[in-house]
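Trainee: Listed here are the chains, written in short residue letters.
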Amino acid sequence: MNSETKSTETKPRGSARRQFLADTARMACGVGLLGLGVGLYARNATALPPAALRPPGALPESEFSAACIRCGMCVRDCPFDMLMLAKPEDPMATGTPYFVARQAPCEMCEHIPCVKACPTSALDHALTDITKAKMGLAVLVDHETCLNFLGLRCDICYRVCPLLDKAITLDPQTNTRTGVHTLFIPVVHSDACTGCGLCEKACPTEIAAIKVFPLYMAKGALSAHYRLGWVEKEKAGGSLVAPDGEHQYHMPEGLKYEYGKGLSVVPPGAAAPGAVPPAPTFKALQGDKL
Amino acid sequence: MNALPHKVGAEAIAEKGWLAATKWLILRRASQIGILATFLVGPWLDLWIVKGNLNYSYTLGVLPLTDPYLLVQMLVAGQSPEQLAWIGVAIVVAFYLVVGGRGFCSWVCPVNLLTDAAHWLRTKIGIKGSAHLSRTTRYWMLGMTLVVAALSGTIAWEMLNPVSMLHRGLLYGIGFAWAVLLAVFLFDLFVMRHGFCGHLCPVGAFYSLIGRFSVMRVVLPARAACNDCMDCFAVCPEPQVIRPALRSIDGAAPIIMDANCTNCGRCIDVCSKDVFTFGARFTVPAPTSSPVSGSVQAAPK
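Read top to bottom, the protein sequences are chains V and Z. Mapping the first sequence onto my numbering, position 128 (from 1) lands on 128, and the numbers just tick up by one. Start counting at 1 in the second sequence, then tack on 1000, and there's your number in my numbering.
Fair warning: there could be bad hints in the mix.
[To be verified] With beta-carbon atoms standing in for the labels, derived distance ranges: (1) Z:V1191 <-> V:K132: 46 to 54 Å; (2) V:T24 <-> Z:R1212: 15 to 23 Å; (3) Z:L1027 <-> V:T24: 37 to 45 Å; (4) V:K166 <-> Z:L1063: 38 to 46 Å; (5) Z:L1063 <-> V:L36: 35 to 43 Å.
Hints are computed from structural coordinates only; laboratory data are not their basis. Note that beta-carbon positions come from the ideal geometry of N, C-alpha and C, so glycine has one too.
Only chain Z is shown next, with the shape it has when bound in the complex (with noise of 0.2 Å):
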């Protein structure tokens, strides 16, 4: 982040194995993808493992699954939807209250695929401005597509979601999407750093609002260890959500406790010093009660 020539995660790699250094990633793209495939399958192989897109879904015939934020626009729209959409989003609903609101948005949306590919490829021809713009302007997206909703009596977001857009478009046709998507990861790549999943998608905005609640978090039982490398900050697609965390600021548990963490498990990775890892948001990890020492240095934002 510096101008040092230091390469974000080389010392983890050296102190810990090149697997280990990117286990997590690992398993995150092998779930993208492979969720990704299980709905291909059925278009393209006829092998019908799972119906739907990411809207709703019927899994083999027994799962439902349904997404709550698009069944909220509907509510305010003024239509409901019949027993199966209700058993669907209570799963889901539940589901991410274990593993982490925006869990969806690392492990499951297709979209991360491809902003996390502007941002490689924003980082590898050295981009280094970025247009600023509040992280909570993804709430004011969020109300505002529930009052247009409300408004307009239709799901209005659905005429531009990217998310659902990209996911319904690779197993429907995608026609003409294929230019939001491109002005997303444009978007991304020149205009501003983690763009549109970390500042605008009323998507991940929904998720976030689960993620408040949600069990299964990354914490820092080693916190004492760190040593200032700044790796983790590097790496973190919602850098703001590990500085309470890391530094202890305002006597902060070593939990990360910030809505808008996706549980991407990246810091997990690329840490020499082990001081993070999942675990769920009761866990008090060994004391750590001395105050890092490096704790005035300043994160980046």
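Next up, chain V with everything else stripped away, as it sits in the complex (with noise of 0.2 Å):
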């Protein structure tokens, strides 16, 4: 009797559970679903374009697209109306802002009026040297077309470069073809250039041969443990390394080497310096230092 009343109080409960549990499943597939793609489709545009460029003082792509409220505000506040924010199908974050180089490049106003516009920290306030911006590298892709490397003296790119003499310079190097002529090549320093791209912009030819790459495209790296022996001398002040014993050169005897002389006779009876040196040991050879 008791246990009747008992069976027919829970059996409703039992099954409303059940109903609730397998709502709830219904409804955390459904939208998981949803949100798996929404998360895929999102991880997905993390990665820029390599002809779209950040606004100066952009964070990292990664961090870029958690930070951008995609507001517009650097778009409206850019006086030369070269931003633009990304549609959904463009390949990158939707509604982030982006300028193409070619099309309108930065032109790098001192008092970066779009960095002051964003509410948030995607473009990083403690810009303020417009010169310290890093929106990209320009990197002079086309040899070929480049018309420097074919012997003229274009030098737009060089001369249009807001850090002249600093972000391009101009290499002379010698025109093996005509064998009489200069070519004056356009280098670009990864120090000094901001990725404005003015450079790809002015480029005279039909596409352009000096191009800006958003860095993590453009810029390599050493390895992490590789030292540049002549840097690393000059922070020591002195050779890192035992100094160089004297070269021995094995010479026929009566014959002598001398850098910067040339082979020269030795007057038979003097004793020929290291005609037949010793082999060096391996001792030698690692120097004192160890």
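Hints are included, so try docking the two chains, each in its own frame, into the full complex.
Mentor: Shown next, in the form of structure tokens:
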């Protein structure tokens, strides 16, 4: 009797619970699937396409799509109107700002109004000197169509660069084709280049020979353990390894070789220095530092 | 709603006159279009009253406004805003705590114009069926967007959010966002009545969280006068919010306390008996202690 009432009580409660769990599972799965789609789509859009550049002071791309609120304030406050907001079909985070250097480059305003307008940390407000911006890096991509490489004095990229003689320099090289002329090869220096894109915009060839790419595409990096000997030497104020021993030459008897002087004949009877020197031992090769 | 050839709101127009029976709808459209126009005169006429969009805007160089939902997504994705955006979010939250959280949906959001158009057309051409989905789905959506923002480290919902896509699209160029908006329109038209705004939109869900605590409410000082014409249920985009207050379910006060009431005021318009009006949540309207006679009648869902 007692158990009967109990069962009639628990039965609807049990089925209600089952229904609740089923509904919850259905909802979680349905919405979860949509979330998976949205998440993957959003993750895919966190790599900037090569032609698109972010405004000055933009955080690294992985953080940018979290910090950018997609309000377009930077677009509005750009006096040159060169920023755009990404549309859904553009291969980057929808609603985030970018520019295409070949269409309209950054004119590098001294007061950086786009950064000031940004209500978040997406454009780093610590950037107050526009010459320290790193929107990308110019690369002279095509040596075959660059007019300077062909021997002309185009120099336009060099001339339009806002950091004249710092971001792009001209490196004189012999024109081996004519043998008598000089090539003035534009060389981009990554420490100075802001990636504004003025060079790419100004390049007179049909398709720009110099292009600005996002830093992650344009810039290489040495392995962390690499050391540049001459830099280390300067830092240490002297050579870090044992000084070179005097070089010994294996010469036929009666002949002598001196650096800068060339071969000479040793007068007979004089002790030919190092005519047959002893082979250097392993220890000697290592120097006394080890 | 029933098969009767009854035109919703006709009674109110006959009783109160067209203007009084359409007042809040007119004001609401004026608000929606006015806000949109204020944004649009910038890029269209070079008249910069307000810059930015609904995510963040800056009016006349003094008033910052930030969407709190977007700010929360940004925070869970691991980034933080600057000072103006913090001020902007405080202003927005304070404002909607007064006027009702989902007031955003019916008085500001441009997608409401689109989904209301879909609903109008749905009624006009007589589409009856509607897919069923729980109205709590929007909270699952809200939770999902926050989880995805945290896991992906991006404000992921902005890739798809029709609200910002429409507003941003109108101001900065729409691109293929029209396809997303068309999908929302067709979904509301053919698939589900009040589908997007009433069931799915996480932006509205977020504003409803603010709406739980907001002051301004639709109050029913004259609920005893209800003649069960059901017009309020027919026009309400969230009809489930009316029933407790109107039918005094579990002794509920005559105040619509449900967070999903959008304060659109359409129920005030279409009621020929003037049951509804705007008031504060603390309002204790004139005692109507005697339970409504028709309270046994079930409201349509």
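Trainee: Confirm or reject each hint.
Mentor: Hint check:
no. : hint                           : in the structure
1   : Z:V1191 <-> V:K132: 46 to 54 Å : 53 Å, holds
2   : V:T24 <-> Z:R1212: 15 to 23 Å  : 22 Å, holds
3   : Z:L1027 <-> V:T24: 37 to 45 Å  : 40 Å, holds
4   : V:K166 <-> Z:L1063: 38 to 46 Å : 42 Å, holds
5   : Z:L1063 <-> V:L36: 35 to 43 Å  : 39 Å, holds
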